[in-house]
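2 protein chains.
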Amino acid sequence: MGVIASQNSRSLAALSETEIIQRVVAALADACPPFPAGPGGDCAIFENHAEQKYRVSSIDSVILARHFDLTCSGANAGRKLVQRNLSDLAAAGATPSDALLSFIAGSDIDSDWLEDFAHGAGRAAASVGLKIVGGDIARGTPGTFSATLAIQGHSSRVLTRHTCQVGDIIFVTGKLGGAIYGHHLNFIARLKEGQWLCGQNAVTSCTDLSDGLAKDLPGLIGNRLNARLDLSVLPISEDAHALAKADGKPAVDHALQDGEDYELLFTASPAQADLIAATFKKSFPQTPLSQIGKVEAGKGEVFSLSDNQPIAPGGFSHFG
Amino acid sequence: MGVIASQNSRSLAALSETEIIQRVVAALADACPPFPAGPGGDCAIFENHAEQKYRVSSIDSVILARHFDLTCSGANAGRKLVQRNLSDLAAAGATPSDALLSFIAGSDIDSDWLEDFAHGAGRAAASVGLKIVGGDIARGTPGTFSATLAIQGHSSRVLTRHTCQVGDIIFVTGKLGGAIYGHHLNFIARLKEGQWLCGQNAVTSCTDLSDGLAKDLPGLIGNRLNARLDLSVLPISEDAHALAKADGKPAVDHALQDGEDYELLFTASPAQADLIAATFKKSFPQTPLSQIGKVEAGKGEVFSLSDNQPIAPGGFSHFG
Numbered sequence: 000m001g002v003i004a005s006q007n008s009r010s011l012a013a014l015s016e017t018e019i020i021q022r023v024v025a026a027l028a029d030a031c032p033p034f035p036a037g038p039g040g041d042c043a044i045f046e047n048h049a050e051q052k053y054r055v056s057s058i059d060s061v062i063l064a065r066h067f068d069l070t071c072s073g074a075n076a077g078r079k080l081v082q083r084n085l086s087d088l089a090a091a092g093a094t095p096s097d098a099l100l101s102f103i104a105g106s107d108i109d110s111d112w113l114e115d116f117a118h119g120a121g122r123a124a125a126s127v128g129l130k131i132v133g134g135d136i137a138r139g140t141p142g143t144f145s146a147t148l149a150i151q152g153h154s155s156r157v158l159t160r161h162t163c164q165v166g167d168i169i170f171v172t173g174k175l176g177g178a179i180y181g182h183h184l185n186f187i188a189r190l191k192e193g194q195w196l197c198g199q200n201a202v203t204s205c206t207d208l209s210d211g212l213a214k215d216l217p218g219l220i221g222n223r224l225n226a227r228l229d230l231s232v233l234p235i236s237e238d239a240h241a242l243a244k245a246d247g248k249p250a251v252d253h254a255l256q257d258g259e260d261y262e263l264l265f266t267a268s269p270a271q272a273d274l275i276a277a278t279f280k281k282s283f284p285q286t287p288l289s290q291i292g293k294v295e296a297g298k299g300e301v302f303s304l305s306d307n308q309p310i311a312p313g314g315f316s317h318f319g
Numbered sequence: 000m001g002v003i004a005s006q007n008s009r010s011l012a013a014l015s016e017t018e019i020i021q022r023v024v025a026a027l028a029d030a031c032p033p034f035p036a037g038p039g040g041d042c043a044i045f046e047n048h049a050e051q052k053y054r055v056s057s058i059d060s061v062i063l064a065r066h067f068d069l070t071c072s073g074a075n076a077g078r079k080l081v082q083r084n085l086s087d088l089a090a091a092g093a094t095p096s097d098a099l100l101s102f103i104a105g106s107d108i109d110s111d112w113l114e115d116f117a118h119g120a121g122r123a124a125a126s127v128g129l130k131i132v133g134g135d136i137a138r139g140t141p142g143t144f145s146a147t148l149a150i151q152g153h154s155s156r157v158l159t160r161h162t163c164q165v166g167d168i169i170f171v172t173g174k175l176g177g178a179i180y181g182h183h184l185n186f187i188a189r190l191k192e193g194q195w196l197c198g199q200n201a202v203t204s205c206t207d208l209s210d211g212l213a214k215d216l217p218g219l220i221g222n223r224l225n226a227r228l229d230l231s232v233l234p235i236s237e238d239a240h241a242l243a244k245a246d247g248k249p250a251v252d253h254a255l256q257d258g259e260d261y262e263l264l265f266t267a268s269p270a271q272a273d274l275i276a277a278t279f280k281k282s283f284p285q286t287p288l289s290q291i292g293k294v295e296a297g298k299g300e301v302f303s304l305s306d307n308q309p310i311a312p313g314g315f316s317h318f319g
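Chains as they are written, first to last, in numbering that gives the first Met the number 0: chain A, 0 to 319; chain B, 0 to 319.
Bound conformation, chain A alone (with noise of 0.2 Å):
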């Protein structure tokens, strides 16, 4: 058995995100500890007894010809890379500390770039507070590049996806859809929102987008609640809808389907739905908030409420 998969075996084309994951996990065995401290959610979580708080950590990176391309600016690619991080803490409600920044960079690779590249880090991440602490740099093939940052913080509750219950009311932030046109590289990670989030008792689970609403849903509810998505109050970004000219699919779709969108995804119980909505848009002003669905009794599927057809969970997939 090679590196390289050969005609007798599988490559990872062959497999889905989630069983990649699922192998690497039962592989790791006794080293991998269960969800929530271990993986399943959008950071691990573990309790600081001494301080009475919760220590979150995530790692993520940003792909040269996956996240960005060729004619991108590094300041650009670095911020993208600190705020994809920031939004899985987001997530968590989380207060971003420390990060560790790594490197794998062809030699081809542009020296200035890479310097515009920590510039953009830099400014993202002294934005929030958070130290970059230490790294490393790799030679890898030409005309490749990576970065992973794998970051850390704090909170002072747990808020993790798989925690709602039937009946909940699904929120989300901002607009869906059409990423892919500006967004993907210019949005900041809704940090205050989470933390606000967190810090109320009636939001019963958070997750952010990434890969698109109708894949990121059935990771937030899990495998036992359906959702049921009122698809005629989903917000559409401008780009959807300029996407779904250009490519006549619905922009509908489009909200339901681009990955990138670093919104927040989040649940609360219904008797406190309105309270929790009211004073979000109290709060935060400037971000747009949508009651979009609800929880029901289920086995992981989404449905339309208009018409009770199921949505697929047609996002973005890594593999295959």
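Don't read these hints as lab results, they were simulated from the structure. Computed from a prediction, not measured in an experiment: that's the story for all the values here. Fair warning: there could be bad hints in the mix.
Note that the list lumps identical chains together, so a pair holds whenever it fits in one copy or between two copies.
[To be verified] Straight-line alpha carbon distances no greater than 25 Å define the calculated SDA-like cross-link-like pairs of lysine to any residue that follow:
#: 1; residue 1: Lys191; residue 2: Pro32
#: 2; residue 1: Lys191; residue 2: Asp29
#: 3; residue 1: Lys191; residue 2: Ala28
#: 4; residue 1: Lys52; residue 2: Ser155
#: 5; residue 1: Lys293; residue 2: Pro249
#: 6; residue 1: Lys52; residue 2: Ala36
#: 7; residue 1: Lys280; residue 2: Ser155
#: 8; residue 1: Lys52; residue 2: Thr94
#: 9; residue 1: Lys191; residue 2: Glu50
#: 10; residue 1: Lys248; residue 2: Asp229
#: 11; residue 1: Lys52; residue 2: Arg156
#: 12; residue 1: Lys52; residue 2: His153
#: 13; residue 1: Lys52; residue 2: Ser96
#: 14; residue 1: Lys298; residue 2: Gly258
#: 15; residue 1: Lys52; residue 2: Gly128
Fit chain B to the given chain A structure using the hints.
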């Protein structure tokens, strides 16, 4: 300015690794705290006031065709990733706690090989009580594979580089050179030894050997001291002798310049050096320990004791 260097700009190949890191650290600016809480050591180190101990963190990768080749088993590559990171913690005398694991893999990577990688990483982690609490997998260029581990640990005292003094005695564990013949894949990080050294007040500084003694020793002493090495007592591995026979280069040069020894290089105050050596050997009878030189006033240079000739820092260079 594009990602890839043009004829009118400088690629990373035109800079030394030290220059690249200096430029990145300068560009990160306020986001990057000073050593030892920031870059410059084997780990970043923070004081945890509530628990009266230190939290340490480090990040390191393994890259296909750089740290292992196409014929390497997944388990060996996974083991190496974890042991490389443990070696950084060993240099700080720290106890590992948790880590995040990130993959960037071409879709043609063998899925069984990846699973085997996770087996190897998981076993190495479990052997020292390290928990792998989260991670990420993203698609990279076909034919490429890298894995990055960001590790956290704790220690009761700060053991770093740059803290030795004139007159201190220089020690090294194990035997040096020729790691390419196998040691680079089957070494075990000197975690217990590092933790023991951290508990000895007479031990004044420590690092691990990853780029070769001739390059890592200047990194240990910093810019305001020199080191004088007794090359006649340098512990030379069997593999360094074998490699010398094969390529005609003196074995001592392999011991000085070959990378991936993953041994501990440390200094002890002269009055306590013999006691440190004696008690170390009693505590770790299986681990070779050699007294190889001493620290002098200077400016970051290394000399040979016998002939006063300078020893160039000709160890492994990551770029150029």
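Each hint tested on the structure:
no.: 1; hint: Lys191 - Pro32; result: between (29 Å within a copy, 24 Å between copies)
no.: 2; hint: Lys191 - Asp29; result: between (36 Å within a copy, 21 Å between copies)
no.: 3; hint: Lys191 - Ala28; result: between (36 Å within a copy, 24 Å between copies)
no.: 4; hint: Lys52 - Ser155; result: both (5 Å within a copy, 21 Å between copies)
no.: 5; hint: Lys293 - Pro249; result: within (23 Å within a copy, 73 Å between copies)
no.: 6; hint: Lys52 - Ala36; result: both (14 Å within a copy, 22 Å between copies)
no.: 7; hint: Lys280 - Ser155; result: within (23 Å within a copy, 47 Å between copies)
no.: 8; hint: Lys52 - Thr94; result: both (11 Å within a copy, 22 Å between copies)
no.: 9; hint: Lys191 - Glu50; result: within (22 Å within a copy, 28 Å between copies)
no.: 10; hint: Lys248 - Asp229; result: within (19 Å within a copy, 74 Å between copies)
no.: 11; hint: Lys52 - Arg156; result: both (7 Å within a copy, 24 Å between copies)
no.: 12; hint: Lys52 - His153; result: both (7 Å within a copy, 18 Å between copies)
no.: 13; hint: Lys52 - Ser96; result: both (13 Å within a copy, 17 Å between copies)
no.: 14; hint: Lys298 - Gly258; result: within (24 Å within a copy, 53 Å between copies)
no.: 15; hint: Lys52 - Gly128; result: both (19 Å within a copy, 23 Å between copies)
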